[in-house]
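Given chain D, work out where chain A should sit, using these hints.
Protein chains in written order, with this note's numbering: chain D, 1129 to 1545; chain A, 1129 to 1545.
Bear in mind the hints are in silico, worked out from the structure with no lab data behind them. Predicted model only: the values in this text are computed from it and were never measured. Wrong hints could be hidden among the right ones.
What the hints assert, rightly or not - Here are a few chain A residues that face chain D, going by a calculated C-beta distance under 10 Å:
id, residue
1, L1227
2, Q1376
3, P1378
4, L1519
Said to hold, decoys possible - BS3-like cross-link-like pairs, simulated, lysine-lysine; straight-line CA separation at most 30 Å:
id, chain 1, residue 1, chain 2, residue 2
5, A, K1335, A, K1365
6, D, K1135, D, K1365
7, A, K1335, D, K1320
8, A, K1420, D, K1335
9, A, K1320, D, K1335
10, D, K1310, A, K1310
11, A, K1335, A, K1274
12, A, K1444, A, K1135
13, D, K1135, A, K1335
14, D, K1444, D, K1365
15, A, K1444, D, K1335
16, D, K1320, A, K1320
17, D, K1317, A, K1320
18, A, K1335, D, K1138
19, A, K1274, A, K1232
20, A, K1138, A, K1317
Glycine residues also receive a C-beta, built at the ideal position from the N, C-alpha and C atoms.
2 protein chains.
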Amino acid sequence: MINEMGKAAKLASYQLAQCSTKIKNQALTHIADLLELNANEILDANQKDMAMAKEQGLTEAILDRLLLTSERLSSIANDVRNVVSLTDPIGQVIDGSTLASGLKLQRHRVPLGVIGVIYEARPNVTIDIAALCLKTGNAAILRGGKETVNTNAAIIAIIQQALKQVGLPETAIQSIDNPDRKYITELLKLDKYVDMIIPRGGAALHKLCREHSTIPVITGGIGVCHIFVDESADFDKALSIILNAKTQRPSTCNTVETLLVHTEIANTFLPKLSQIMADNQVILHADPDSYKILNAGVANVFAVEDDELRQEWLSKDLNIVIVDSLELAVEHIREYGSGHSEAILTRSLVNAEQFVNLVDAAAVYVNASTRFTDGAQFGLGAEVAVSTQKLHARGPMGLEALTTYKWIGYGEDLIRQ
Amino acid sequence: MINEMGKAAKLASYQLAQCSTKIKNQALTHIADLLELNANEILDANQKDMAMAKEQGLTEAILDRLLLTSERLSSIANDVRNVVSLTDPIGQVIDGSTLASGLKLQRHRVPLGVIGVIYEARPNVTIDIAALCLKTGNAAILRGGKETVNTNAAIIAIIQQALKQVGLPETAIQSIDNPDRKYITELLKLDKYVDMIIPRGGAALHKLCREHSTIPVITGGIGVCHIFVDESADFDKALSIILNAKTQRPSTCNTVETLLVHTEIANTFLPKLSQIMADNQVILHADPDSYKILNAGVANVFAVEDDELRQEWLSKDLNIVIVDSLELAVEHIREYGSGHSEAILTRSLVNAEQFVNLVDAAAVYVNASTRFTDGAQFGLGAEVAVSTQKLHARGPMGLEALTTYKWIGYGEDLIRQ
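Same shape as in the complex, but just chain D:
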């Protein structure tokens, strides 16, 4: 079954690769319109998923991610309309020249082909990723969470209807409806037809894909992000950035999880931090040195475990670690960080430059919140995923990350000497 889907997706991808921007945009516009026209059907399907999820006792957080309302659906439709307005990267001539041999060589931007996407209980991802793949002329095989099976089926039916309306093959966007996990493993081995795998989910899903896939996998989305407050930092400014990085939207991957504080300022800075974190219901998890200082303060404070320094809280929890130098802050980040987003708060030019040079992460900030690591914030128009690996794309991935290039060489009956 998966093999047949792969074959059909590959065939569809050939047609999509030749498709004009106009037709692709028409398909996207139809999808947006049909989502609103068929809102009742989609919301009914979603209610079935919600009922099942409640029956199974899923957490409030998952229920919220799963829930669609007519407002959410309109907002998703508008996101699709936003994709229509983006520049189509396909067909772009990246560079070109006439070589000494006489070969006229150009690099043209082309679609990747077929993208496999494996994700969890967010029905919006289904539309989101389908829209981005279509815009860039890629076919997609989607495998959503089993909790959203009814909602996804309703959405996929609409996408395929829109594809049909513009004369594109319905197999351009397919979904694996069977919840059996063995189909994930089969998809990961389909290197004959699938060109890239994007997992959107937690650490376990990424690990599964890395270990089982024979197709290149874009891993990312796990953010164990740090802010280092050096001895020269402006306290008030630092507190405002830390508060923003921790509390603006705690469940996101670019939220700060661990604060590294220079030992010289620990005694004066941490009490102020304790106050502002208490005011904002943030729980602190302190290393032994900072525990002594923070325990006398007003914030809720616990002793931090080593494991807690390696994971995302995704909640209003913040680790505190005192370090003796910038070098030790960098060492801590190397050991515990996930290569996502790291920041230094400083008034020292030397420290800023050193931190930027030494820290190896997708995004490194000086006197700015880690919350900026985001496709929209970076001006990419759309966000496919946030990559924390180093090949192909790093950090927020825009439309370009769904493309590759082809070298095209024109000769006048040219042979190699």
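Showing chain A alone in chain D's frame:
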């Protein structure tokens, strides 16, 4: 053991990432000089490998790849000096702007970190890849063929001596000397420390890496390349390009393996082809339709098997298949090609454009030999490998393919709204 090597390589990579172009070039110059100064030792070590290889009855082709002479060694040293002369891509600011939020965002080119390279019996690869990794500030763990164990040990000792002379850690370039294949598998799982795996060898090695690696793998170097001669082609020009593509260096991956001939010209073109191929000792492997025509000619001709259409000959053998249309030529390439290099020989602008658009390969040529797919021919200065996958790098990979980027954001105490 492999874990310790990985850890040491990662540590060395931090130092290399901060290293100036001047120091990296000094190290490379030392390597080139030491290769010539210590030629006797290296050639003695190579003689030991040669003796063992002969004892084991390895083929002439492998023996030739294994053999070093003082001329070959000088040529390798000069290749290293050529790497010195290349522009260092590290530190390049790829792009940057000030975003609406006030964030000053730039993308800086940085090394990947640690590269794992697995290759077969070519001692020149050891120096070649070490030089390219050093130039781009990457550490490397090399795993050469067991046939070159003595030669590689002598070369690695020289590279490490050069590193020491400029104050760089010797662990920047390490090699796995133990021929046990289990160390390959261990290297492929070392995702904690290794950022990219480059296999340089045959299809089996690439498959092994794809299946076992938890690290991104650059696959490539397998070229099942086609030339399609359409009904409008100039026969003499076509014959000269085909001859070049097949015989200029048959053992390379950009050599043509299958000729697709439009049915309209088969009766007139194939006899001419038969003559020129016979004159150049090329053996033809023909599909049923072309067999009938070619069997009456002068060339050595066999009936082609389906398997032979899917593999590289790497020798003076050429498959011949008659197709009824450009579309069927494209279909054949989709089914049998490896996504390396494909060419059309035509006088028709429409056919040229259609072929270029429809064929999905790293390089697509119009009226030029497939032999051009090569880092030096493409003006890249150096060639790390030829990628036939679509992510990160496609086709000949230059120095840039050994780099990634880091987003650096400067704020004036900036929070996300």
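Hint check results:
1. L1227: Status holds, d = 6 Å.
2. Q1376: At 6 Å from the nearest chain D Cβ, Q1376/A passes the 10 Å test, so the hint holds.
3. P1378: At about 13 Å, which exceeds the 10 Å cut-off, the nearest Cβ of chain D leaves the hint on P1378/A violated.
4. L1519: holds, 4 Å
5. K1335/A with K1365/A: violated, 38 Å
6. K1135/D with K1365/D: Between K1135/D and K1365/D the Cα gap is close to 56 Å, so the pair fails against 30 Å, i.e. violated.
7. K1335/A with K1320/D: holds, 12 Å
8. K1420/A with K1335/D: With Cα atoms ~55 Å apart, K1420/A and K1335/D exceed 30 Å; violated.
9. K1320/A with K1335/D: holds, 12 Å
10. K1310/D with K1310/A: holds, 28 Å
11. K1335/A with K1274/A: holds, 19 Å
12. K1444/A with K1135/A: Cα-Cα ~46 Å, so violated.
13. K1135/D with K1335/A: holds, 20 Å
14. K1444/D with K1365/D: holds, 20 Å
15. K1444/A with K1335/D: violated, 45 Å
16. K1320/D with K1320/A: holds, 28 Å
17. K1317/D with K1320/A: holds, 23 Å
18. K1335/A with K1138/D: holds, 21 Å
19. K1274/A with K1232/A: violated, 51 Å
20. K1138/A with K1317/A: holds, 15 Å
In terms of the numbered hints stated before, the structure departs from hints 3, 5, 6, 8, 12, 15 and 19, listed from lowest to highest.
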